[in-house]
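Asker: Modelling step: build the complete structure from the supplied sequences, incorporating the hints.
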Amino acid sequence: MRRIKLFYGLFILLASQSVLAVSYPLPPEGSRLVGSVQVVTVPQGNTLPLEAFAAQYGQGLSNMLEANPGVDPFLPKAGSELIVPQQIILPDTVRQGIVVNVAEMRLYYYPKDSNTVEILPIGIGQAGRETPRNWVTAVERKQEGPTWSPTPNTRREYAKEGKTLPAMVPAGPDNPMGLYAIYIGKLYAIHGTNANFGIGLRVSQGCIRLRNDDIKYLFDNVPVGTRVQLIDQPVKATVEPDGSRWVEVHEPLSRNRAEFESTNKVPLPLTPALHAVIKGEGVDALRAAEVLERRSGMPVNISESAHSAGLSKERL
1 MRRIKLFYGL FILLASQSVL AVSYPLPPEG SRLVGSVQVV TVPQGNTLPL
51 EAFAAQYGQG LSNMLEANPG VDPFLPKAGS ELIVPQQIIL PDTVRQGIVV
101 NVAEMRLYYY PKDSNTVEIL PIGIGQAGRE TPRNWVTAVE RKQEGPTWSP
151 TPNTRREYAK EGKTLPAMVP AGPDNPMGLY AIYIGKLYAI HGTNANFGIG
201 LRVSQGCIRL RNDDIKYLFD NVPVGTRVQL IDQPVKATVE PDGSRWVEVH
251 EPLSRNRAEF ESTNKVPLPL TPALHAVIKG EGVDALRAAE VLERRSGMPV
301 NISESAHSAG LSKERL
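Numbering follows full-length UniProt numbering, in which position 168 of the sequence shown is assigned residue number 168; successive positions increment by one, without gaps.
No lab work stands behind these hints: they were computed from the structure. Quantities reported herein were computed from a predicted structural model and do not represent experimental measurements. Backbone N, C-alpha and C fix where the C-beta goes; we use that ideal spot for every residue, glycine too. Errors might be hidden in some of the hints.
Said to hold, decoys possible - Listed below are the simulated DSS-like cross-link pairs for lysine-lysine, each with C-alpha atoms no more than 27 Å apart in a straight line:
| id | residue 1 | residue 2 |
| --- | --- | --- |
| 1 | 265 | 279 |
| 2 | 186 | 112 |
| 3 | 216 | 112 |
| 4 | 186 | 142 |
| 5 | 77 | 112 |
| 6 | 216 | 142 |
| 7 | 112 | 142 |
Unchecked claim - Quick list of the computed label-pair ranges, beta carbon to beta carbon:
| id | residue 1 | residue 2 | range |
| --- | --- | --- | --- |
| 8 | 241 | 112 | 24 to 34 Å |
| 9 | 31 | 294 | 21 to 31 Å |
| 10 | 40 | 270 | 28 to 38 Å |
| 11 | 115 | 43 | 28 to 38 Å |
| 12 | 289 | 260 | 19 to 29 Å |
| 13 | 26 | 263 | 17 to 27 Å |
| 14 | 241 | 151 | 26 to 36 Å |
| 15 | 187 | 255 | 16 to 26 Å |
| 16 | 37 | 170 | 42 to 52 Å |
| 17 | 268 | 73 | 39 to 49 Å |
| 18 | 173 | 290 | 45 to 55 Å |
Answerer: Structural data, given as structure tokens:
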């Protein structure tokens with residue numbers, strides 16, 4: 001089930017920041033797997049960047065890049081196929097309020113008494129301005145037409161680029177926070193944007209950035225006092241009720257400047273619980289190793305039964 005809006009073409013979609021936010025029915029008890037992968041074809045004569053397709057299908061740019069290695073983010077090739085990663089393993093945490101998994105750059109909202117989950121792509125803090133991790137807080141207040149007061153350090157950084165920031169940026173279309181803000185804790189906010197890029201990237205000053213239709217939806221539907229949990233789970237794994245074992249691997253966020261600037265992959269944080277799924281009985285060890293190396297950001301069935309059934313490895 002999805003909240004769907006009509007579009008008159010990708011150009012209008014990109015210009016208006018409209019998105020196809022996805023709402024999933026919660027899976028049965030004992031399951032954490034939702035949705036299904038889509039494959040779309042880039043139309044002939046395409047002149048739009050990957051961001052346009054990401055916005056159309058409710059994805060962040062990083063989600064599309066992980067699922068489609070080698071794609072040109074500036075101009076996907078006409079006639080080529082794009083995988084849209086709309087199958088997802090829910091984070092291993094309480095299904096309540098808002099859950100932000102910074103590693104996969106997704107926000108999960110569990111509306112009270114709805115038996116559904118809304119999954120929205122986000123932008124997060126740039127290196128050195130990290131969005132908090134492993135933090136439980138709550139929605140303190142909401143503000144339509146927020147103002148932005150950049151820190152002195154932020155103003156100095158802008159000045160190095162020849163840009164002058166005032167002490168306070170007034171509300172309006174030029175405000176980087178967009179038109180709506182949901183304040184969590186005392187120092188951070190979930191807010192919109194005045195740009196047509198940055199969702200699925202590390203671009204903010206530490207806050208959580210959403211496309212404008214998505215923040216409007218949250219602003220209208222999330223009550224003050226709602227629980228908010230920020231987690232960092234680049235690897236998610238589940239044993240489903242039928243016994244199948246699934247793993248979803250994202251590229252972890254760099255932990256320091258050296259990792260950020262390195263061309264090497266960031267090591268995966270594999271907990272004992274993850275090891276129990278990945279190395280348990282009935283696992284195709286070779287397939288599991290390939291999934292951990294590939295880091296496609298999509299759930300992959302690593303069960304031996306999946307291999308014997310001849311399931312495709314294209315999504316590794």
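Asker: Does residue 265 pair with residue 279 here, judged by a C-alpha cut-off of 27 Å?
Answerer: Measuring from Cα to Cα gives roughly 22 Å; hence the hint holds.
Asker: Tell me if the straight-line CA distance from residue 112 to residue 142 falls inside 27 Å.
Answerer: 18 Å, holds
Asker: Decide if the proposed pair is consistent with the structure: residue 77 and residue 112, CA atoms, cutoff 27 Å inclusive.
Answerer: Given pair residue 77, residue 112 is violated - Cα atoms ~42 Å apart, limit 27 Å.
Asker: Hint check: residue 216 vs residue 112, CA-CA at most 27 Å. Holds or violated?
Answerer: Given that 27 Å is the threshold and the Cα spacing comes to 18 Å, the pair holds.
Asker: Holds or violated: residue 186 with residue 112, Cα cutoff 27 Å?
Answerer: The given pair, whose Cα atoms are some 24 Å apart, holds under the 27 Å limit.
Asker: Against the range 16 to 26 Å, how does the distance between the Cβ atoms of residue 187 and residue 255 compare: consistent or not?
Answerer: Hint holds: Cβ distance 21 Å, inside 16 to 26 Å.
Asker: Residue 37 and residue 170, beta-carbon distance inside 42 to 52 Å?
Answerer: Taking Cβ atoms as reference, residue 37 and residue 170 lie about 43 Å apart, which means the hint holds.
Asker: Falls inside 28 to 38 Å, the C-beta gap from residue 40 to residue 270?
Answerer: Roughly 33 Å apart at Cβ, these two residues keep to the hinted range, so it holds.
Asker: Indicate whether the distance between the beta carbons of residue 26 and residue 263 respects the range 17 to 27 Å.
Answerer: 40 Å, violated
Asker: Quick check: does the Cβ-Cβ distance between residue 289 and residue 260 fall within 19 to 29 Å?
Answerer: 26 Å, holds
Asker: Does the Cβ distance between residue 31 and residue 294 fall inside 21 to 31 Å?
Answerer: Because 24 Å falls inside the window, the suggested range holds.
Asker: Using the C-beta atoms of residue 241 and residue 112, is the stated range 24 to 34 Å upheld?
Answerer: The hint (24 to 34 Å, Cβ to Cβ) holds, given that residue 241 and residue 112 are roughly 25 Å apart.
In the structure shown, a violation is registered for the earlier hints numbered 5, 13, 14 and 17, in ascending order.
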